[in-house]
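*Asks:* The whole structure should be built from the sequences, with the hints applied where relevant.
If you're matching them up, the sequences are chains A and B in order.
Take the first sequence: its position 144, counted from the start at 1, is 144 in this note's numbering, and no numbers get skipped.
Take the second sequence: its position 128, counted from the start at 1, is 128 in this note's numbering, and no numbers get skipped.
Quick caveat, the hints were computed from the structure, so don't treat them as lab data.
Even glycine gets a Cβ: it sits at the ideal position worked out from N, Cα and C.
Check before you lean on any hint, since a few could be wrong.
[As the list claims (entries may be wrong)] Estimated spans, in silico, between C-beta atoms of each pair:
#	chain 1	residue 1	chain 2	residue 2	range
1	B	Glu8	A	Met121	55 to 63 Å
2	B	Lys192	A	Ser214	54 to 62 Å
3	A	Met121	B	Lys117	55 to 63 Å
4	A	Ala51	B	Val52	43 to 51 Å
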Amino acid sequence: MIITKKRDFQELLDNIRDYKSFFLIGCSECASLCGTGGENEVKELAEALRAEGKEVTGGIVAKTGCQVLGTKKELKAYKDAVNSAECILVMSCGAGTQSAVELFGDKPVYPTNDSLFLGNMTRFQVFDERCSMCGDCILDKTGGICPITTCPKGLLNGPCGGMKDGRCEVSPDIPCAWVRIYERMKKLDKLDELAESVIEVKDWSTAQSPRALSTREKKEK
Amino acid sequence: MSFREALESGRFVVTAEVGPPKGADVEEMVHHIELLKGKVDALNFTDNQSAVMRMNSLAGCAIAVQHGVEPILQMTCRDRNRIGLQSDLLGAHALGVKNVLCMTGDHVSAGDHKGAKPVYDVESVQLLGIVESLNNGRDMSGNELKGATDFFPGGVVTPEADPIEPQLMKFEKKIRAGARFFQTQAVYDIEKFKEFMKHARKFPVKVLAGLVVLKSAGMANFLNNFVPGIKVPQELIDELKAAGKGKGLDAGMSICARHIRQLKEEGICDGVHIMAIGMEDKVPEIMERAGL
Numbered sequence: 001m002i003i004t005k006k007r008d009f010q011e012l013l014d015n016i017r018d019y020k021s022f023f024l025i026g027c028s029e030c031a032s033l034c035g036t037g038g039e040n041e042v043k044e045l046a047e048a049l050r051a052e053g054k055e056v057t058g059g060i061v062a063k064t065g066c067q068v069l070g071t072k073k074e075l076k077a078y079k080d081a082v083n084s085a086e087c088i089l090v091m092s093c094g095a096g097t098q099s100a101v102e103l104f105g106d107k108p109v110y111p112t113n114d115s116l117f118l119g120n121m122t123r124f125q126v127f128d129e130r131c132s133m134c135g136d137c138i139l140d141k142t143g144g145i146c147p148i149t150t151c152p153k154g155l156l157n158g159p160c161g162g163m164k165d166g167r168c169e170v171s172p173d174i175p176c177a178w179v180r181i182y183e184r185m186k187k188l189d190k191l192d193e194l195a196e197s198v199i200e201v202k203d204w205s206t207a208q209s210p211r212a213l214s215t216r217e218k219k220e221k
Numbered sequence: 001m002s003f004r005e006a007l008e009s010g011r012f013v014v015t016a017e018v019g020p021p022k023g024a025d026v027e028e029m030v031h032h033i034e035l036l037k038g039k040v041d042a043l044n045f046t047d048n049q050s051a052v053m054r055m056n057s058l059a060g061c062a063i064a065v066q067h068g069v070e071p072i073l074q075m076t077c078r079d080r081n082r083i084g085l086q087s088d089l090l091g092a093h094a095l096g097v098k099n100v101l102c103m104t105g106d107h108v109s110a111g112d113h114k115g116a117k118p119v120y121d122v123e124s125v126q127l128l129g130i131v132e133s134l135n136n137g138r139d140m141s142g143n144e145l146k147g148a149t150d151f152f153p154g155g156v157v158t159p160e161a162d163p164i165e166p167q168l169m170k171f172e173k174k175i176r177a178g179a180r181f182f183q184t185q186a187v188y189d190i191e192k193f194k195e196f197m198k199h200a201r202k203f204p205v206k207v208l209a210g211l212v213v214l215k216s217a218g219m220a221n222f223l224n225n226f227v228p229g230i231k232v233p234q235e236l237i238d239e240l241k242a243a244g245k246g247k248g249l250d251a252g253m254s255i256c257a258r259h260i261r262q263l264k265e266e267g268i269c270d271g272v273h274i275m276a277i278g279m280e281d282k283v284p285e286i287m288e289r290a291g292l
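*Replies:* See below:
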């Protein structure tokens, strides 16, 4: 899921200082699990804004905020509340914020969260990053552990000289990705496979923003 | 005799390390180059070591060439993408630099520009492959070059990495990618180093043992606690302590000289790489004490 973190409230107030009335859009997917855009957070933000003398005309927890047409449909029921708000606040990720920008061409839209990374939830509201969405997966070669993401240097062929007792030079909190990969491949009896193949220089063009994908044309043909 | 010829001849070679200045003033670096001229087979120039921004390695190497000293260009993957690395390699070659040491590079978080975006577009094994490609007259994309390079490529290895197996796997990958010589992370336990060399001797590569000159017991403890892959045995720390106040460096130089002598006399490896880290002035005396 996309991991988000609430932005500083004072910074938000500074962003919206010129506006008086707001409509809030949360998201039931990632932002809800991150505690940044679910039912409770929408309610809390509405209260906090009112305490600052602002008007909140309404709010919604969109099912999937990054799904533009679906969100548009859901918002129809809130037409009056949306129309009477000067400004839209989006409590999801940057993708959700930009869905709203597309839907509200004539209204200012501000994010209440920072978008951090594609994360795994390991415990309730504890997240770590395991995939960078580079566009050309190498997990087939590395025992299912991504060194591009879990090694701070993104090394492809083994640990650097900074590994100490199986930990990373960047922080002892980070286990060395290549020690993990090595141990896993050893367990799977695939060390030969790991040792013999040099992973070639990566083609980063697959990670070049802005990326887009449509599988529609293929189907229509 | 060039560094490469010396290694290939089987002579015990000596290299040392010079860090380019943090600033535009090259006087001290030139002093160190002149001091070590004729004494060492080649001089390494570090590449923004510890991710601390300094003058680049290439300028240091070019100045060494001007002064008649053979340089080894240390090249990390931290600060340049594949275009920058290849371009700098071609430029280095044009300036008379023939030895290149391919390294990953310390992470920016270790240095003095912690907010920098680290590059690592390619890494050390792949960089060795790139050097091989340039030597064969093609860039890494396969485009033909107007003039091939003639680099002597090397890599680094940490004989005391813990765990050692993934490190040895990478060591072998570097050899397959084209590394012809290795300069190791600092070693202090010669018996343990012999174990590593037993493994390394299975491959057609030359190995120079890395030696960092100890200045005090405090420095030894610091290396043990904070520098990955360095293990100073307790008996050496005791030896430094026993030397007494103000005598640590002298004892450290003796330890270094003793290790050089042993490595050479027992034919354990092919040479030594002395990293004096700010004590470059002492390298000639260490070599003298080692009987070189």
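*Asks:* Now look at each hint and say whether the structure bears it out.
*Replies:* For each hint, the structure was consulted:
1. The hinted range of 55 to 63 Å is satisfied by B/Glu8 and A/Met121, whose Cβ atoms lie roughly 57 Å apart.
2. For the pair B/Lys192 and A/Ser214, the supplied restraint of 54 to 62 Å holds, since their beta-carbon distance comes to about 58 Å.
3. In this structure the hint that A/Met121 and B/Lys117 lie 55 to 63 Å apart at CB is violated, the actual value being about 27 Å.
4. For A/Ala51 and B/Val52, the Cβ-Cβ distance of about 48 Å falls inside the hinted range of 43 to 51 Å, so the restraint holds.
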